[in-house]
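> Under this note's numbering, the first residue of the sequence shown is numbered -12, with each subsequent residue one higher.
The hints are simulated quantities; they were obtained by calculation from the structure and are not laboratory data. Hints are supplied without guarantee of correctness; some may be wrong.
[Unchecked claim] Per label pair, the in silico range of CB-to-CB distance:
| id | residue 1 | residue 2 | range |
| --- | --- | --- | --- |
| 1 | Met10 | Ala84 | 27 to 35 angstroms |
| 2 | Gly(-3) | Phe59 | 50 to 58 angstroms |
| 3 | Glu115 | Leu69 | 50 to 58 angstroms |
| 4 | Cys46 | Met108 | 40 to 48 angstroms |
| 5 | Met108 | Phe22 | 26 to 34 angstroms |
| 6 | Met10 | Leu64 | 30 to 38 angstroms |
| 7 | Ala81 | Ile21 | 53 to 61 angstroms |
| 8 | Arg61 | Glu(-4) | 43 to 51 angstroms |
From the three backbone atoms N, C-alpha and C, an ideal C-beta is built for every residue, glycine too.
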Amino acid sequence: MRRLIAIVEGLSNAGALLSVLAMAAIVVLILLEIFVRAAFGSSTQVASEYSGYLMVALCLLGFAYSFREKAFIRINLLVPRLPRVWQRRVEACAGLAGFAITVYVFIYAVSMTYGSWELGMKSDTMAETPFWIPQLAVPLGLAMLGLQLLAFVADRLLKQDDT
């Protein structure tokens, strides 16, 4: 089980790296847009569109890593007052609830992405980007988050009562 948790953590790290690369790409696109406007008085015509796609990828692909590193907002009014064994049980239940919600959204994200691919949907811009390409980040990020939530639940259930 620890090996599977380590694999999931590796996937979360990969998602974080992809998020960083998406952020860097956004910066490059914006700087390129500024340069083209200043130097040539025109636009790249795609910087805004692709920056939006990359922002979605940045968020979704970073969710698993953010969750693992406790960067999500958590409300701790009751749990810290419980005995440690009950803290882990409550956290495991919350993780399972989060997993269930993530799976629900994942199913619709896959449906949306597949529907865009099946219908050949493209953006209304000059680039005519097939929508399924940027939409892939949504189910991919949700899948990584779901796996990280399961790893969280497993970690909480595997811990000894005295830790």
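> Going back to the hint list, which numbers does this structure go against?
Going through the list in order, the structure violates hints 2, 4, 7 and 8 and respects the others.
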